[in-house]
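So you can see what is in the structure, the chains are spelled out below.
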Amino acid sequence: MLREMGTGLGFLGLTGLLDRAGLLAPSAGASEVNPLAARQPQFAPRARHVIHIYLNGGPSQVDTFDPKPALMRYAGKPLPSGNLTTERPLGAALPSPFAFKPYGRSGIEVSEIFAKTAEHVDDLCFVRSMHANTPNHEQSMRLMNCGDERLSRPSYGAWITYGLGTENQNLPGFIAMCPGLPVADVSNWRAAFLPGIYQGTHINTKETRPEKLIENITNARQSREAQRRQLDLLGTLNAEHRRGRESDPQLEARIQSFELAYRMQMEATDAFDYTKEPESIRKLYGDTVQARQLLIARRLIERGVRVVQCYHGDVQPWDSHDMIADAHRKLAGEVDQGIAALLTDLKQRGLWEDTVVICGGEFGRTPAVELPAPGTPGNGKGRDHNHYGFTVWLGGGGVKGGTVYGATDEFGFRAVENPVHVHDLHATLLHLLGFDHEKLTYRYAGRDFRLTDVEGTVVKEILASGGPAV
Amino acid sequence: MSRPILSFAIGVLGWALAGDLPRAEGAPGQSFEQARDHWAFRPIERPPIPSVTAADAVSSPVDAFLLEKLESRSLGFAPRADARTLLRRVYFDLIGLPPTYEEVEAFAGDASTEALAGVVDRLLADPRYGERWGRHWLDVARYADTKDLVLLYGRDAIRPYAYTYRDYVVRAFNEDLPFDAFVRDQLAADLVEPKVPGWRLAALGFLTLGRLFDNNPHDQIDDQIDTVSRGLLGLTVACARCHDHKFDAITMEDYYGLYGVFASTERPYALPLIEDPAAVTGGMEFEERLGKARAELESHIDAEFARLTEVLRLRVGNYLVRAATTKPDLTETAQFALSLTPDDFRPRLMLRTRRYVEERARPEDSVFGPWSVAMAALEAAPAIGRDSIASDAVTTALRTGGGASRWNPMVVRALMEASPVDRAGVAKAYGDLLRRLYEASKAPADVPLEEVEDRAELLEVVAGRDGPVAFERRDTPDHMSRPEKDRYGSLALALDKVAAHATNAPPARAMVVADLPERVESRVFLRGNPSRPERPAPQGYLSVLGDGEAQRFGKGSGRLELAAAITDPSHPLAARVFMNRVWMHHFGEPLVASPGDFGTRSDPPTHPALLDWLAREFIASGWRLKAMHRHIVLSNAYQQSPIPDAALVSKGEAADPDNRLLWRFPRRRLDVEVMRDSMLAVSGRLEPTMRGRPVDVAEDPENRRRTLYGLIDRQNLPGLFRSFDFAIPDQCAERRPRTTVPQQALYALNSPFVQVQAIALAQLPEVNDATEDRERVQGLFRRVLGRSPNEREEQAALAFLKAGQRDLPDGEARPGDWTPLAQLAQALLISNEAVFTE
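Heads up: the protein sequence lines correspond to chains A and B, in order.
Mapping to our numbering: the first sequence position 360 is 360, numbers consecutive.
Every position in the second sequence, counted from 1, becomes a number in our numbering once 470 is added.
These are calculated hints, taken from the structure and not from any lab test.
Don't take every hint at face value.
In silico DSS-like pairs for lysine-lysine, Cα to Cα no more than 30 angstroms straight-line [claimed, not checked]:
1. K912(B) with K898(B)
2. K68(A) with K400(A)
3. K283(A) with K330(A)
4. K68(A) with K101(A)
5. K955(B) with K665(B)
6. K955(B) with K212(A)
7. K206(A) with K967(B)
8. K212(A) with K276(A)
9. K617(B) with K206(A)
10. K77(A) with K330(A)
11. K77(A) with K797(B)
12. K716(B) with K439(A)
13. K206(A) with K283(A)
14. K955(B) with K381(A)
Chain A extracted, bound-state conformation:
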């Protein structure tokens, strides 16, 4: 595997910023800073990579990872606690159509539609008390990804890549895979005011040919040999130009960048080529788009990519306003085996301890039925958006497995016990990667910005023992 570390790619002006954020070895000079060079975080990290399995659209917590038998008692009747205000009018309690049962030594209950994932419960931590601000997709997607609902703020993936660089210079540091685009589009992985190189690279997995996944990654007109010859000529021309200009690092950096690009053509297409996996592995994951994305995610993490997001589908597939029994079963069917395979695969390859796996949506769904109303999509068999309480689970490096943290109320509507806001999740994620979320900052427009703005508390209860003190 080709790993090019710190080859002197120029990025003028970044030095001071990295320095302020405590991300720079004191000896590094302006010209030697590669903005994507792997860097040490602020303290010993528990993990070095992130895989986010994004169930975009808002999976229902009471149908997946947060069992609420009380709903059965009130089936068809109003919830005694009343309904909270969400985007659309709500009616009576709607019990889950799915059966839950306990799994593993921990006995954590999981819905039948995630039976395969459930085999791993002893290694996962279910945060059942997540909450956000708004029951709208676009705002909540941006909050989950960028820590703000509307303003142009960098995504957490961009922050992490800014903080840590990446371990493989032949691949982008932050990759977002989605067949098409999720709601809120590229703002989900944007760099905003961070330098553009930290923006997530969107891979549209509707396309399966690896050479089509990254822009300009192949040359349609000439062979590799011919290109090598051309590069050598370019090298001669550039060397000639460099006479008298030897001290300018920009020129050398650009020369190097061509060599990198040349190698990247090979490595990048290879990384995305899941057909290079043995059949047993491909079978393990299954044959859905999301399963394929998860398999590619593992290949990317293995090659040193820092952050990989796998969006379930374009727009908002988990948005089951109607017919939730069918819709959620189908959606879970598209991802359950793939998730279980990914967890198994990460463990057997020794990547588990190095990787934080996050699974969830931008919010959850209401335990009460969504009422049919003019202009609303439901016909009385689904659930509306619910930002008051939902579940996200985590696993891997530094995460305390086999645990449930926090709780929603009796019916799964609102997070009531140990509520964890999205900002807290971000703070915790950065902590796992070795950052104090209050100190990973970037100076822009007169302010030191951070992912968590003025919020965020590390949820230390979900950290495995043995890590640095919070």
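Following the hints, put chain B in place on chain A, whose structure we already have.
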């Protein structure tokens, strides 16, 4: 007068109400007077031109200021650059295109400063100049061609008239429109008297082309404040949205004073034509279609406005009851799009009702005096009393009366009759009375003379413009139920779609703004939360820039006064900020390292006197930029060599390693626009058409227009722009980053665009028709680099061609093939020499 910036009282009260927000760290406990001592707020001096040892090296005052600093470190200017380097530098800088070989040769014959002055005049008069320098301004203006709304893609997302702003900017630079007029156009072209010509109305795109933030008006205004303040003033005013600025003397009152300016400004649906439809192909037919689409939208709004107004008047009692019995819920205080059903309370009107009652419910109020007294009596009645105790308490209180104030007798009577036992009852009595009177007012009836005024006073509550459930027509969509709102949304989008999908370019319209009929009474929003308006903050200017007190704006929205304040010749910031950007584009590095932040946290200028001289000179020249270009480009500093001899370099690097003092001319990679345009130019394919709707420059390898005319899709910026450090158009761009990443090399090596240009180069007559490879190589070098190859380069190129021949199937290449010659052309196009300017 000296007033502390962070008044302790306000601070404590503000923070206490705000809950657990962390306290400002390092908040300046200074007065505005102290703050004005910061270099950027001090008046712009006309500094004396320093005398320097190397007096013969001074050809422009610019040189003297630079030499003064250089000599203090025992440095001086590098020798003059050679003719070709200098000419390429000036071309790239002023018009964004390289000179031809012939132009280089001609200039080499006489490269005197006089000859250079001639070249500069010619380039400044070339329309390509506006395309180059206008683009710099578009970075500041966060220009994009699309809307950032969800689920809106492709042509549907296009703002069909955005380009008129781009064209305005280009024309303004080409015509050397004075900068003060340029600023005034962009803030208030619609208000200027006498009227400006139509094309200048398009300048208002500066205010209308920003992000939409899910249609959140407060964020849109924040973006306008941010663009105006960082873009024109070099101040980060948006930092004062939720609390006073932590480092600069900018208060929340300042922020909301500007907020009031933009909140009193709307974006009308009916945009003015700035082109005669009769002169445009299909223009008349198009206008008819557009007219229909707009009529449909307007009539939908009219219908809903009338219907909702009536419904709300009838339901005013429900709003009063809810206000009297509940606390505001999430829908009223948070900002999110709710799918409203017809029966739902309209969150904003609910909040308005609460505020209305809060303000009027005091004993002396004629209508709500009885309300306040009744509510107080209920409060005081024993908690576990019987209903009769409560109602007695109310009756007694009402009998006691309002003291000196006169109460509306109809209200008192209604309350007495209802004898309410709780808050809801009191509110309901009001609601019933109001509804009864409102219904009665619709039919002609004889009203007893003594009741006329009392009734009118009450009807004012139901139907008056200041009433609790009143709203303006323009806010109708906020209150529509979901199906009507969806219809509104699609009709509003249809207006743009009609134009965006039109085959022929529709007649141009300016994306203007207009003042509201009445200005908004702006207030400070507690913690920036619009549902918590607090102390008044009338339309006005930044206090720190005022003379003791903030200047208040009295006319309409205040935009014209804002423009006048910013471009006042005594303004300490506008000219400095703009000249700092101009300097940055000429030399690569600005004098103040943070062009959008001249506040106390910024580094001071490397050459304060030079910056002041430039700013003063700029104002004195009538805010004419072209005059300033001449001062700068014809200076000796600008004409320095980028590669002085080794002794000079080692001395310079020892004393000033970052070349901040300019002891040689710096080198930088070409901007993405200049890089792409130059490839088109040298291959003879550049299509000089100016103006008009955006085209696809990023994905279409055959597109020959200048990159400036490429579609800028804010939501999905093409890879070409992202990897080559284009200014992200989400926000006012301070300066472009400068990266070197492999994606750029991948573009150079593999993109069809570069290959198309390379093939075209190989087919040029002086290359293709040559009889010998040596001539071909020379032809390509002259075309691409404006010079002949040296011997080593020629040898390498010839060897490359020879080796490539072996790969061709029959040793023959057909025109348009990917021949070794084309590969050589590509290598030249992407070489360091071609993509750097120095």
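Verification of the supplied hints:
| no. | hint | result |
| --- | --- | --- |
| 1 | K912(B) with K898(B) | holds, 21 angstroms |
| 2 | K68(A) with K400(A) | holds, 24 angstroms |
| 3 | K283(A) with K330(A) | holds, 19 angstroms |
| 4 | K68(A) with K101(A) | holds, 12 angstroms |
| 5 | K955(B) with K665(B) | violated, 37 angstroms |
| 6 | K955(B) with K212(A) | violated, 40 angstroms |
| 7 | K206(A) with K967(B) | holds, 27 angstroms |
| 8 | K212(A) with K276(A) | holds, 16 angstroms |
| 9 | K617(B) with K206(A) | holds, 25 angstroms |
| 10 | K77(A) with K330(A) | holds, 27 angstroms |
| 11 | K77(A) with K797(B) | holds, 26 angstroms |
| 12 | K716(B) with K439(A) | holds, 18 angstroms |
| 13 | K206(A) with K283(A) | holds, 20 angstroms |
| 14 | K955(B) with K381(A) | holds, 24 angstroms |
Checked against the numbered hints above, the structure violates hints 5 and 6; every other hint is satisfied.
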